[in-house]
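K.L.:
Spelled out, the chains give:
There are 2 protein chains.
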Amino acid sequence: MYQFSFYNPTRIEFGAEKEKRMGEFMAQFGVCKTLIVYGSERIKKSGLFDSVVAGLKEKGIEFVEMGGIKSNPVLSKVNEGIVLAKQFGADSILSIGGGSCLDSAKAIAAGTCYEGDVWDFFIGKKVEKALAIFDIMTLAATGSEMNSGGVVMNEQTLQKYSIKGTPLFPKVSVINPQLQSTVSRDYLVYSAADIIAHSIEGYFTASIQPEIINMQIEANIKTVIKTTEILLENPHDLDARGDFAWAATMALNGLTYVGTKGASYPNHMIEHAMSAVCDVPHGAGLSVVMPAWMKWWKKRNLAQFERFAREIFGLQGADAGIEALKAWFDKIGTPTTLAQLKIEGKVLEQVIDNATQNALDWQMSDIYTREAIAEVFALAKN
Amino acid sequence: MYQFSFYNPTRIEFGAEKEKRMGEFMAQFGVCKTLIVYGSERIKKSGLFDSVVAGLKEKGIEFVEMGGIKSNPVLSKVNEGIVLAKQFGADSILSIGGGSCLDSAKAIAAGTCYEGDVWDFFIGKKVEKALAIFDIMTLAATGSEMNSGGVVMNEQTLQKYSIKGTPLFPKVSVINPQLQSTVSRDYLVYSAADIIAHSIEGYFTASIQPEIINMQIEANIKTVIKTTEILLENPHDLDARGDFAWAATMALNGLTYVGTKGASYPNHMIEHAMSAVCDVPHGAGLSVVMPAWMKWWKKRNLAQFERFAREIFGLQGADAGIEALKAWFDKIGTPTTLAQLKIEGKVLEQVIDNATQNALDWQMSDIYTREAIAEVFALAKN
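Chains A and B supply the protein sequences, listed in that same order.
Quick note, the first sequence lines up with residues 1 to 382 if you use UniProt numbering.
Quick note, the second sequence lines up with residues 1 to 382 if you use UniProt numbering.
Keep in mind that the hints are not guaranteed to be accurate.
When chains are identical, the list treats them as one kind, so a pair holds in a single copy or across two.
[Claimed, not checked] Pairs of lysine-lysine residues, derived as DSS-like cross-links and limited to a Cα-Cα distance of at most 30 Å, are as follows: (1) Lys-125 - Lys-59; (2) Lys-33 - Lys-45; (3) Lys-331 - Lys-70; (4) Lys-331 - Lys-59; (5) Lys-45 - Lys-126.
Hints in this document: simulated from the structure, not taken from any laboratory.
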């Protein structure tokens with residue numbers, strides 16, 4: 001019989017113009033002083049920043065700001081944010097951006113309540129306390145808006161590792177599909193790959209996987225496939241944008257992992273090395289790793305791969321399902337080979353080294369030896 | 001574009017023997033004195049009560065108890081509980097039983113923190129405060145373990161109405177499929193009907209229904225059909241029992257209603273009249289109402305009924321899907337006609353009167369006139 005604890009206190013505010021009410025939502029939690037973190041200056045040009053700030057001012061919430069968070073977010077920015085939040089006496093962090101921005105915000109929220117080095121949390125220290133976290137998502141992919149984890153890269157050690165803990169659940173996450181409809185075509189398809197990766201990691205690796213969870217994951221993957229195709233045709237289809245965004249949230253809010261046992265994240269473990277060494281977009285790295293990893297792993301869970309082929313693509317046989325996923329990635333235009341990312345030779349060796357270290361640190365080195373990782377990459381070459 | 005707010009802070013503790021840790025879970029919330037509510041004395045004979053109480057004692061939690069809550073729970077018992085909780089100075093309520101027991105507990109939790117008549121909450125007053133609520137589910141059906149609502153009948157007025165409000169989310173709900181494996185065959189199939197009813201109310205009535213929600217609901221219904229059949233063969237298949245229980249929770253924890261607009265609960269509205277007047281088990285009433293209501297409603301949402309036929313039963317055409325659901329209810333042995341429940345003549349008139357009043361009070365009388373309700377019942381006769 002399977003077992004689990006499930007707890008997810010994040011409030012989701014989904015829909016048009018909800019970002020304008022962020023001040024009201026934050027005031028409900030007693031927020032007085034916040035650090036706003038964001039990525040590019042686009043949110044200022046678009047008027048998004050001003051419309052959020054107007055809501056904060058209406059509730060008397062003071063703020064300071066820090067822009068410049070990039071995708072594959074880095075530890076130095078987190079440390080900069082911690083200094084700023086401490087100086088300002090922030091009681092909360094507001095992220096306006098995608099998953100990278102929110103993940104940085106989570107690390108800043110934990111680091112501000114801690115005297116030591118924030119990296120401690122990435123290498124095992126428990127997060128006991130954090131500033132209150134709020135976010136407005138401008139990109140759907142990571143699911144960070146409804147979970148208690150985040151990923152940041154230590155640029156000095158090239159470790160792209162994660163922080164997690166109950167205090168890191170956002171208090172309120174705003175998802176307005178309209179804000180996400182200006183995402184570039186590239187980032188849409190990378191996001192699709194990321195959501196599918198979140199869906200399949202447990203699906204293929206868990207030794208115990210409840211039937212109901214299989215069915216829910218399949219519904220989620222089919223939603224991503226369907227809505228990505230609609231959005232490539234018409235980026236402003238807001239219902240499809242909404243379904244896509246909610247599929248992203250549902251893929252990693254814990255619900256598709258309840259009752260599973262032994263689930264691991266090998267695609268992420270391998271891809272993080274690519275992001276860390278080559279700074280490739282996370283989703284683009286994932287769409288390269290997934291088909292290769294699936295070929296490499298399929299013999300260990302053949303029935304599940306056959307099921308995947310049948311349920312997702314209406315095909316017979318494990319290989320057919322893997323090829324269909326790869327073909328679909330090709331069709332939507334997210335890369336599927338290392339050649340496309342120009343990862344080869346010495347750089348590839350560095351990536352393999354980095355992934356091998358991840359495997360050690362993530363306690364996955366029993367299966368993911370250097371040789372095994374090299375085998376997966378060999379299947380991803382062309 | 002669709003809109004929603006979603007918030008669900010209930011912690012689920014799912015799996016073997018989790019009920020023994022209830023004392024520990026309650027202590028995490030600072031509980032000192034609790035009122036234990038339950039239904040029949042079976043939980044004492046089975047040892048369940050003692051094993052829970054042992055956990056409470058270990059944490060120094062004092063308690064008083066009130067048994068005798070019956071299915072289709074009644075207001076007089078709620079009032080008895082409120083008196084007891086106030087006298088004892090309870091800071092919390094622990095329900096050990098099914099949905100009726102937990103729904104009563106929710107009403108007691110609200111009523112204990114209120115000087116007026118608890119029925120006020122059932123006719124519109126907002127619940128501002130409640131004792132902390134905990135529960136151990138011995139029956140999967142209502143989904144009450146992960147939502148903020150409850151249904152109780154006022155025996156004086158024969159109104160079977162609901163109470164809801166954020167303070168009524170349970171703090172911790174224990175779902176141990178093993179405890180549910182002794183549920184009678186009858187209550188298993190009634191529960192299946194109840195879960196399917198929770199799934200289809202919004203599915204067929206909402207004027208806006210996100211595609212992702214359609215797919216998640218379908219996954220849930222298919223899980224219920226599959227696992228009910230397994231459990232009828234082998235009541236002790238604990239994986240199927242777990243999937244069945246989790247499908248019950250997922251059907252009414254809010255997730256299958258996000259983004260929907262205009263959803264209503266006509267099957268429940270009509271069935272509550274049957275329970276109120278004739279004291280039929282809720283699920284048995286629902287399996288009679290549903291096929292009749294579906295026939296009556298289908299022309300208003302034909303495409304969705306065709307989709308239901310196709311996705312759930314692999315059939316073409318709205319009627320085929322409705323007939324297949326009715327045939328499945330017949331097969332598992334939950335009633336599908338008023339004749340089976342012996343509801344006819346004057347009693348039926350009384351039921352129709354009661355449902356007509358519900359329609360008024362639930363703001364559904366624009367569609368559900370007395371004539372309309374009589375038409376639905378006419379389709380349920382044989």
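K.L.:
Taking the hints in turn, state whether each one holds.
P.N.:
So, going through the hints one by one against the coordinates:
| no. | hint | verdict |
| --- | --- | --- |
| 1 | Lys-125 - Lys-59 | between (36 Å within a copy, 28 Å between copies) |
| 2 | Lys-33 - Lys-45 | within (24 Å within a copy, 57 Å between copies) |
| 3 | Lys-331 - Lys-70 | within (27 Å within a copy, 58 Å between copies) |
| 4 | Lys-331 - Lys-59 | neither (47 Å within a copy, 59 Å between copies) |
| 5 | Lys-45 - Lys-126 | neither (39 Å within a copy, 43 Å between copies) |
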